[in-house]
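Participant: Mind docking chains V and C on chain B? Use the hints.
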Amino acid sequence: MPLLRLERRREPSRAMQYATPLLAVALTVMAGTVVFGLMGYDGLGAVRQIFVAPLADPQRWPELLVKASPLVLIAIGLSIGFRANVWNIGGEGQYLAGAVAGTAVALATWTREGAWILPVMGLAGILGGMAWAAIPAFLRTRFGVSEILTSLMLTYVAVQGLFFLVRGPWRDPDGFNFPQTRMFNAAQTLPAVSEGSLVHLGIPIAVLVACLAWIVLERTIAGYEVKVVGLAPAAARHGGFSERRTIWLTLLAGGGLAGLAGILEAAGPFGQLTPQFPAGYGYTAIVVAFLGRLHPVGILLAGLVLAVTYVGGELAQTAIGLPQAATGMFQAMLLFFLLATDVLIRFRIVPVRVARARAAA
Amino acid sequence: MTSALLVSFAMTLAMAATPILLASLGELVAEKAGVLNLGVEGMMLIGAVTGFAAATLTGSAYLGCLAAILGGLAASLVFAGLTLGLSSNQVATGLALTIFGVGASSLIGAPFVGKTVARIGPLFPAALAEHPLLRVVFGYDLLVYGALALAAAVGWFLKHTRPGLILRAVGESDTSAHSIGYSVLAVRTAAVAFGGGMAGLAGAYFSLELTPMWADRLTAGRGWIALALVVFASWRPGRLVAGAYLFGAVMTLELHAKAAGFGLLPPEILAMLPYLATIAVLTLISVRPGRVSAAAPACLGKSFSPA
Amino acid sequence: MNPVPVLHAARLQLSEISKSFPGVRANEDVSLVVAPGEIHALLGENGAGKSTLVKIIYGLQAPDAGEIRFDGQLVTISSPKTARALGIGMVFQQFSLFDALSVIENIAVGLDGAMDRKALAGRVDAILRAYSLPLDLDRAVHTLSVGERQRIEIVRCLLVRPKLLIMDEPTSVLTPQEVERLFAMLRQLAAEGCSILYISHKLGEIKALCSAATILRAGKVVAACDPRVESTRRMAELMIGAELNAVERRDEGRPAGGAVRLAVRGLSLPPVGPFSVPLRDIGFEVRAGEIVGIAGVAGNGQSELLLALSGEVAAPGPEMITLDGRPIGRARAGARRRRGLCAVPEERNGHAAIPDLSLTDNAMLTARHRLALTLAGFLRFATARGYAGRVIARFGVKATGPGALARSLSGGNLQKYIMGREIMQAPGVLVVAQPTWGVDAGAAAAIHRALLDLAASGSAIVVISQDLDELLAVSDRLAVLNEGRLSRAIPTATATAHALGLLMGGVHGEPVPSHAHGTPARVPEPAHAVA
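From first to last, the protein sequence lines stand for chains B, V and C.
Okay, so the first sequence: first residue is 1 according to my numbering, each after it adds one.
Okay, so the second sequence: first residue is 362 according to my numbering, each after it adds one.
Okay, so the third sequence: first residue is 669 according to my numbering, each after it adds one.
Isolated chain B, as found in the complex (with noise of 0.2 Å):
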């Protein structure tokens, strides 16, 4: 006879749904502890790389804040799927679509210059994401495949897209046969927020995104119908919305704003496309809309926290030698505890002689 039992709460707890998210974050780091310590690495040396260097040193914040942009942004429109169970889960791929179509405007305007490029390799990019997340929306609604497997089958399709675009026909005839585009140039770059900064504006993008869909998502007609899909999609059809304009809608939005980070990360860090452009933010970024509860201001705050295990990765790996692939190791941890602990939201967890007691009372 176990000690202790799950009792159904008769609602569910806004406490919990505050506090488990931050003790997925205490579990991860004990069980990583744990399990780096078995694996022959520091483990408590490991957690603290991972988890605390990058806070503790003031000068990796910019760069926190550039890794947390594009996910943030990828996650926000994810989550906005989420939200109305539209499961795309190829945000990568939107992201490359964008990151390509944007590009494209790049390579098209190489020799000129002018402050109207950027806004329009901004807007190629959300175009270029929209279209990808399109596909998906389209055999969903007309013929009722599922968007879990064509979303994520588009994005090995978009990888492989891009690698041909890099080593074919855009490589950069100047660039010594690398597989690389040309570097954009003044005018296609993103500026920094300020002088010599790392921190450029897509980090005021992605917080201004959030902000925007914090609005429409909690206070307008159609925030109201992606929730009500999500949660009770016959009732959603009882109140007059249309589950295809949800779909449409939804997949839109996450593949328009995976393409809009698409193009600025090109625009910014990378100033070109590589072979290394795909970086797995794509999928990252899943569980940063989990883990900020599909909510735009968790969001930004558990995008942040995924952004200190990439960067506490890279100073693991230089310091303990910690291979690279921990970070994602770290980044399902952090999900696997999200979700088990998500079980306190709906229940308590009580000792089975209280639960008999209140129960006879």
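Fair warning: there could be bad hints in the mix.
Here are the simulated distance ranges between beta carbons [stated by the list, open to error]: (1) B:Phe-138 - C:Pro-938: 19 to 25 Å; (2) V:Ala-655 - C:Pro-995: 29 to 35 Å; (3) V:Ala-603 - C:Pro-984: 35 to 41 Å; (4) V:Thr-644 - C:Gly-781: 41 to 47 Å; (5) B:Leu-212 - V:Leu-616: 28 to 34 Å; (6) C:Pro-986 - B:Arg-245: 18 to 24 Å; (7) V:His-521 - C:Arg-948: 35 to 41 Å.
These aren't lab readings, by the way, just hints derived from the structure by calculation.
What you are looking at is a predicted structure, and each value in this text was computed from that prediction instead of being measured.
Positions of the beta carbon are idealized from the N, C-alpha and C atoms, including for glycine.
Facilitator: Here is chains V and C on its own, set in the frame of chain B:
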């Protein structure tokens, strides 16, 4: 020479189809019990790396396969604990499992990158296995035959045995099965565990036979194709075999075209083929309205917690 | 209450059974005795604790306290398997069937041991013949009528030669003719020595069938009686715990011959899902001030008709449905509401309301079109909150306030809120399905009253219900929906349960008996036939 080419084509095809068939058979059983485990790719990677590590340590590919089954099984039990024990969302948990598998396999596999290992190797003696023509029948390793036998066994199990009937019943209506007195969670855990073992074995087929060398993410999305195949097959094992061999053909086409150096299409475009083909078949199978939804187990992907 | 002394060993004896859930005492010191071959009624309102008690007997719940004796032996029934091994069978109200499996597979999966398919089919055939129950063993369950599905459940139980058969509200889904056939079978079983525990809140049935009754209220036994001699009124009062407050039939000067507000003509609809029923050439009219009832056994197109009327599924042609003379067949749910057609579907959780959202948010779901709860795409929370509060106040909804989650309300209270949400929008036409399903008597009366008042104010109302008593109480005209076809509407005053039962298709899958004449009978006649 054409016959040699055909034989080589057929053999590559069967070997490319085998891991997809293994993984999708496992997923089919899990889905028949009502559980959607999107973590196939992750479980395959974990199987691939545990199999490779065990084969390297023991020198035996078969022990490697066994370790891979256990690795995939362990991963699937984590999934089962979360989705069945704690009623977490199956889609999110499956994605987490895949992300975990990618990270864990890459971390565990770091010391093995670029290393090779003893292959599983053909089952039959060289006289048959290397015969220029007969090898098209006798030239394979145990898993190629085993996967086909398993497909038949799974089909028979689901259709003609009592445990198979109970498993289907649990996938059709968890509440009914519960009120009759079956343990929905136990049946589902067993089905998920079978799926995990099969995915692990499928992963080992990459690292111990197809590649046979360790490389990060060597399954290259085949786990997702296995998931798609279950839908394509309308949850029927017989059609799964046909589908897996169809995909084997597409992938073989890609390999042969690359090897032959066809200038027609660049290699990146050829590499897109399996994924585009997946989207195409999923669309084709869905063109008739209601067909997929009618064939899918009614409780697929839904959480169940006994009252 | 002391157990009645028994002359011979009781088949089932419960002594002081108690069971609590967090916040609810479902059973408190319940004792009862069932004799061999007795048909024993367990009577009570929704929520009186009947279901919990039989779940305890069938091993699905463990009692917190109390004893169970079976054939004189003290037993612990830890699972349905144990129950079946003792010889206890149960037919659930919500069938434990598997739609995609065949009849024989459904029966096999309900058995505790493996059995050869042929041998099983032979035994099933023998049972079907012995009790004259027609059933095709190779058909998939989703193609069967509700009555046929129930037979599968019964056969499952009979296969193990039960000593005690528990029937949970078995007639709520049957036509009157199917009820008669069921009763004949139950009497035959009892005559063979099988005890039957019969759960119901329908007093007429119990008088016709049972020789003993235990009445539960709020988890406690309030009385034991012989239903054959006790008056129906007295049993009802014991069950409800208050004076009966029947809804008055209102012939109170209603506007006769008002204008046609809702007209449906030639409405045909292909199946909307894999297991749904197509609608065929439906036609009817509802006038201002009128309530039209649509009777029929579930699964004959009721949900499809509601979806087609509410606008959740568009009709093939705009003229097929007209509202105040204007075609709305192609309009979506929101547009129809704006023009004055509101609807309440049968399923509360997840269809009429969203359990995980507050009552304010739930007001937004269907009231935003008529009450301007949005402004330029933004939600007006204060207005919605005010409206939710007014609905709560006027309909006496027990809730902590507009901020309460819908799931925190009891079924009856949520139903009152949902009905209030639509009625207070003053719709020109209201379409409701199963308005009092699973609702206690008090709330049901309040809902009926509100519907009558709305009609009196000049609205046209359609009530789709399986509950004939309800339809006879509130509607002016009645039509029957059977296999997607709607009969012509007849005035309620001339309708009899028997005639309506025949319109419902009699016993499903068989020709309608020729002696179809209307004897005015709300209560199924005592059947004498033994097959």
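Participant: Each hint needs a verdict: does it hold in this structure or not?
Facilitator: Status of the hints after comparison with the structure:
1. A beta carbon spacing of about 23 Å between Phe-138 of chain B and Pro-938 of chain C agrees with the range 19 to 25 Å that was offered as a hint.
2. Checked against the hint of 29 to 35 Å, the C-beta distance between Ala-655 of chain V and Pro-995 of chain C comes to roughly 33 Å, which is consistent with it.
3. At about 38 Å, the CB distance of Ala-603 of chain V to Pro-984 of chain C agrees with the hint of 35 to 41 Å.
4. Between Thr-644 of chain V and Gly-781 of chain C, the C-beta spacing of about 45 Å keeps the proposed range 41 to 47 Å intact.
5. Our hint of 28 to 34 Å for Leu-212 of chain B and Leu-616 of chain V is violated, since their Cβ atoms are close to 47 Å apart.
6. For the hinted restraint 18 to 24 Å between Pro-986 of chain C and Arg-245 of chain B, the CB-CB distance of approximately 21 Å keeps it satisfied.
7. For His-521 of chain V paired with Arg-948 of chain C, a C-beta distance near 40 Å keeps the hint of 35 to 41 Å intact.
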